[in-house]
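J.: Sequence:
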Amino acid sequence: MADSSHPQEPPSTTQSKYGGFTRFEIELEFVQCLANPHYLLHLATLTTSSSDTSDPSGPSLPLLAHPPFVAYLAYLQYFSTAPYLKYLTYPGPTLKNLELLQNERFRRDILSPDVVGQLVIEGVGAVAGS
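The sequence shown begins at 910 in my numbering and counts up by one.
Just to be clear, a hint being listed does not mean it is correct.
Pairwise CB distance ranges, derived in the manner of DEER restraints [unchecked claim]:
id, residue 1, residue 2, range
1, Y927, L955, 19 to 29 Å
2, I1030, Y927, 30 to 40 Å
3, K926, P968, 28 to 38 Å
4, R932, S958, 20 to 30 Å
5, L1020, P977, 32 to 42 Å
6, G928, Y948, 16 to 26 Å
7, A974, H947, 17 to 27 Å
8, T931, D1023, 37 to 47 Å
I should point out that these hints are in silico values taken from the structure, not numbers from a laboratory. Every residue gets a Cβ at the ideal spot worked out from N, C-alpha and C, and that includes glycine.
Model the full assembly from the supplied sequences, consistent with the hints where possible.
T.: Right, dumping it as structure tokens:
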């Protein structure tokens, strides 16, 4: 796992392709999906096998509690910097939700329909106001 005190560099746009797309394009598509509160709820309902066991039938963790995925969400914060911000279609809701996902309590609370509903209302207001 990467050292969280030294964030990784974002991928270059000239790197090899993954299924016809660069890593940057894939990360951009994913991070933009985070603007959708219903997608956040979907992520919160997914589970993954615990990384400290080789038994696939072993205990599972919610994806949003899986340390490698949480580290990936932290890594994606490079989109909030000037060179990458311009690629976001809806930077307000995208970056707000990405920031909220850094909080462990929010990653649990997103399972609540009330939290999802509030994010929808705030997101629509932010997009309508732009």
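J.: A separate judgement is required for each hint: does it hold in the structure or not?
T.: Now the hints, each set against the structure:
1. Y927 to L955: 19 to 29 Å: 21 Å Cβ-Cβ, so the 19 to 29 Å window holds.
2. I1030 to Y927: 30 to 40 Å: Given about 35 Å between the Cβ atoms, the range holds.
3. K926 to P968: 28 to 38 Å: holds, 36 Å
4. R932 to S958: 20 to 30 Å: The hinted range 20 to 30 Å holds for R932 and S958, with Cβ atoms some 24 Å apart.
5. L1020 to P977: 32 to 42 Å: With Cβ atoms ~20 Å apart, the hint is violated.
6. G928 to Y948: 16 to 26 Å: holds, 20 Å
7. A974 to H947: 17 to 27 Å: Because 20 Å falls inside the window, the suggested range holds.
8. T931 to D1023: 37 to 47 Å: holds, 38 Å
The structure does not agree with numbered hint 5 stated previously, though it agrees with all others.
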